[in-house]
Structure formats: structure tokens, C-alpha cells
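Position chain B against the provided structure of chain A, taking the given hints into account.
Respectively, the protein sequence lines represent chains A and B.
Here the numbering used here is used: position 240 in the first sequence is 227, and no number is missing along the way.
Here the numbering used here is used: position 100 in the second sequence is 87, and no number is missing along the way.
What the hints contain is simulated information worked out from the structure, not anything from laboratory work.
Quick caveat, the model's predicted, so the values are computed rather than measured.
Hints may contain errors.
In this list, chains with the same sequence are indistinguishable; a pair is considered to hold if it fits within one copy or across any two.
Derived pair list, reagent style EDC-like, types lysine to aspartate or glutamate, alpha-carbon separation capped at 16 angstroms [claimed, not checked]:
#1 Lys233 x Asp180
#2 Lys59 x Asp87
#3 Lys76 x Asp93
#4 Lys76 x Glu5
#5 Lys278 x Glu121
#6 Lys136 x Glu161
Protein chains: 2
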Amino acid sequence: MGRTTLKILEERGFPVSELALFASQRSAGEKIAFKGKDVEVMAIGDNWDLLADIFFCSVDDDVARGILKDYKGEAWIIDKSKVFRMDPKVPLVVPEVNWDAVERLDSKIVANPNCTTIPFVMAMAAIRKVARPERTVVTSLQSASGAGKAALDELRLQREYVTAGEKMPEDAREVFPEILAANLIPQIGSFSDTGEASEERKLRDESRKILGDETLSIHATCVRVPVEVGHSLSVTCVFQEEVGLKAIKKSIESFPGIKMMEGDELITPLAVAGKDEVFCARLRHDPVDKKVIHLWLVTDNLRKGAALNAVQIAESLV
Amino acid sequence: MGRTTLKILEERGFPVSELALFASQRSAGEKIAFKGKDVEVMAIGDNWDLLADIFFCSVDDDVARGILKDYKGEAWIIDKSKVFRMDPKVPLVVPEVNWDAVERLDSKIVANPNCTTIPFVMAMAAIRKVARPERTVVTSLQSASGAGKAALDELRLQREYVTAGEKMPEDAREVFPEILAANLIPQIGSFSDTGEASEERKLRDESRKILGDETLSIHATCVRVPVEVGHSLSVTCVFQEEVGLKAIKKSIESFPGIKMMEGDELITPLAVAGKDEVFCARLRHDPVDKKVIHLWLVTDNLRKGAALNAVQIAESLV
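The following block holds chain A by itself, in its conformation from the complex (with noise of 0.2 angstroms):
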């Protein structure tokens, strides 16, 4: 719904001298609070573009297609759907990765990328600063709330039942295909016919638009684990030749929006919920073989895995 966006808008000051919140007809009416005062949802009608310079869209796929789809507008529209996201007319946006894609694209729509895709390639960006991995092996371990707030509901109504030992109904068991609290499931979107999930399509597709590299071997499992916010990515390199561990740590510590941990510190989504950054712990060589490395990454998917990024978007535009 955005609201996440707005928080973010507040405490980092972006410039807003006039907020227009827009919405269906159904949420039309609402109050919501920005900056102290509150803010009156309008249903969205015709010349809505004019309203404003830049739109935060955070609609559902259908609802992004209906609106955007032929839009030719002025104001800048930064879409967290999926829909525009493998649009090669679209730029994928993360700002640290390839801000100029915007510069490069004929295009007042940017895409926002998947909320495990914008993590990773963040990692990939810096390790590729030394050299470029041969095959990337990924097993993502993603949060209820990745999957919206009636999932983040369903997983705590679920601990409920138990914590109290006792039987879960049907009605907290309809967001999920199968009970997610004190579980894992190995499933994250739609299954293709070769048995990939979308989510793990989502990962290599928009990787490798957002990296350009488009023979980026990237080999994805998306789980799904019952914690409430933090995506946390197992990640394993695999070099052509030997890489030094040295550069490539240097290169992830210097780069912009990454907090390396020090030694054998870890870092864990309880400890990310809240914070900007995409952290790395557990960097390694592997120990029987120089040509591989190790890292874990974890980053609250709510800010830099979906609003932040937005918003970092929408600071770089102004």
C-alpha cells in the first residue's frame, strides 16, 4: 500500500511540497498520516499525471498494467509491480547498480526490481568489480511479509496455534500452500513447466537485465521461512581461476549501501528489520577449492528490498 514508502519519505526529508495519494475508488476517503497532517486518499481518475512530478506506484500487477500501460505522461512514475520490469524499454532500477540505465532509456516509467533481486545484485555489482563469476549458486530464504501483509497476518495468526499446541484451522491456512509457521516451504510464486518457481525466474531474468549481462549464470531456490521481515540469501561463486578473498571483501566494504561484518560476526534478519542496508556476513573461500566464495546476505525487504530502493529512485530524479 505504500505505507512503508511514506515512512521513508519522512525521515529521510525528501523534498515533497505536496503529497497526492491516490487509490481505488474502494479506498478512496481513507486518512493518512504524512508529516503530522492527514493526508485524504482520492479515487484515481482522469489526468491524474498532472498532480504531481514524481508517482510512487505500489498497486497490484493488474491494477499497474490498467494505469500505466499507455501512459505517455510528464511526471515520472516509479512502478514496484512487475509488470514494466522486463520491458526493455523500461529501466530496472537499483540506483548503486545502474543508475544510468535511466540516462540511457526514453522512458518516464522506471521499474522497481523484486525484493530478493535488489540485495543480490547489489553483492554481484562489487564481486564483479573483480572478477566475474563463472556460475552464481543461490538458495534465498524469504520472509512472510515478502508476500504481503495478509501473509506476514497468516504466518503470526499460525504461531498462534502453535505455541499453543493445538490445531490449525483452515482459515489460517489460505495465504500460503502449505502452514508456514515452524516450517519451510521450498515454493515462492507459480511453477513453470521445468519446475521453476517465478520468483526464482524474477532473480535471474532481472539480474541479469539490471547487471547486463545477459548469459549471467545464476542457478536460484527460493524458500519461503517463517520469519516475519529480512530476506537472507546463501550465496556461492564459482570463478574460472583462483580470486583473491582480500579484493573481493575491499570491494563489497567499499561499495555504497553494503555493511560488511567483521571476522565471524553474523547477521541475522531479526537483527536487519528496520535497517537500510544489505548486510554480508560469512564471506569465505571455500576451503577446498580458491575458486569458490561464500557469503550470506540479509536485508529487510520492506525498505531496501522494495520502498527504500523506491524512494532512493525517486532522490536520485530530483
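Showing chain B alone in chain A's frame:
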């Protein structure tokens, strides 16, 4: 404590004519039910090995080392500690994979592998009948019970605080290095100088020994997850040539002790708790590289991951 071993011995009708239970002086006198009778635990003394034909040794590493280091007796010892696993004179056995090691080595001690190694080597043995992967990348997602009863109790206690929305006191944080409830901990065991965790090393070293392949390339990251029972593995195999998925599927399906899920059917830790098989789902080619396959394995770590494997060793000895 071996209670799951006793339960499985009962369930499978193992031919026990007499049962003797040993523990330290502290636990002596306790009574444990077996086949409807209470059996009193004895303090371990001299000549204990004359009292039975097969011993299941389910004690801490230090205790196992103390009791067994100069063992010269005639009784079989099935040891679940890690003390003898990498001893070249001691067979490390998953009966479905390498029973021949018991016949080949002149040892009365048989070591039971780590709970993550067991399902991994079973799947690898099935896959290697078709082709030997050049590299295998694994992220294991291991349940709290794999760290023992106190660890499982800690997860449950922590979950009560999370569900109640209350701050966690220090005494709910004694076993794990970080909060586990509603979180993930990317560390199992202790770190070496290379940054590898001991669980990751065990998975590689034990798999190499069991599969008899000293250059087996396995790159592991082990993560503790807020699940009670059931270890899951996200596995990616890279082959030198393209491999046929049907042949691999057939080999896994026909491998004893592995249950292959049909089509897109998922398998989760909650669903395998109490079951004997290693469950395999999401077997697929990587859509952009037919030299790569992915699979998802889930196993009850207290049964096939530990006690059941030990009982199967005993059954094979008998």
C-alpha cells in the same frame, strides 16, 4: 539419550532378548519403558561390553571417547558421536550406501554419520549412479532438535515470547548464538580459521568417506532454522556434460529409503516429522543450463538422520 533409538527398536520389532541401559552415575536408577516394561538404567562399570551383543552409544563426544578409545571387546558398538567418524579404521555407514565398509574394515565400532550427511549421501549415491557431479552446492536448513533437547526447548520457549510480543530474557538465550525463533542463524558448530563452520566441514568430510570419493567437490553452507524437527537441503549439482533428468529421477526413485514426490508436490519439515524416508522434491534441470540440476531434500533428523540409521546398522549386523 537414545530414547528415539529405543522407540525405533520397538517399532521395527528388532530381536532384543535382553536390554541393558547404561549411563553415567548421575542417571543410574532412572527407569525407561521398553516393550511395556520399565528397564532400570545402570551406571556404566567394568566389563560392560560382556553384557550384550550390540551397543548403541548415544553419548557426548567426550564420554564416547572415554569409553571407547581403546575398545578391544567382541560386542558391536554403534556410535552416534563424531569421535570415530573420520577414523580410517572405523567404518562410517549409511547401510543403503556403503554397507561394504563394515565388511572391508576390521572394526567392532561402526560410526553413525551426522544428521545432515545421511540424507545428502543417499541422494548423491542415487545421482552418481547416473553421473558424477563436478560440483555440488548445498545450503542446509537444520531444525532445532538437531542441536539436542535443550535446543528444542529453547526454540519453544523463545517462540512463546515472540507470540506474546514480549522481550526475551537472557535465560531464553543460552543454547544458540542468536535468537532462533522467527529468525535464521547462519552458523552451526564452531568456525575454523577459514571461516568454515564445523557442520559444513563434517558434511564434506563424512560424505567423501562414505561415498569413497576423496575429491568430491561439495560446497556447503549450514543454517539453523526455527523448525522443531526435520532437516532440509537445497542442493544444486553441476555436471561436466548435460544430464538426463529422467535417468536421475528414476535412479532416485529406485534408491532404497528415498521417497520421490510426484510432479510439483512439495515436501516440508512439518510433513516428514516421524517418517522414515528421505523425501525428495523439486528435482529439475536449471532452465538455462542442462548441466545443472536442483533438488530439495527433507528428512526427520531424529529418525533417518540419527537413530533409525543406527538401528538399520544393527539390523544389518544381525
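Hints versus structure:
no., hint, result
1, Lys233 x Asp180, "between (42 angstroms within a copy, 15 angstroms between copies)"
2, Lys59 x Asp87, "neither (22 angstroms within a copy, 72 angstroms between copies)"
3, Lys76 x Asp93, "within (7 angstroms within a copy, 70 angstroms between copies)"
4, Lys76 x Glu5, "neither (30 angstroms within a copy, 77 angstroms between copies)"
5, Lys278 x Glu121, "both (10 angstroms within a copy, 13 angstroms between copies)"
6, Lys136 x Glu161, "within (13 angstroms within a copy, 32 angstroms between copies)"
Comparing the model with each earlier hint shows violations of hints 2 and 4; every other hint is respected.
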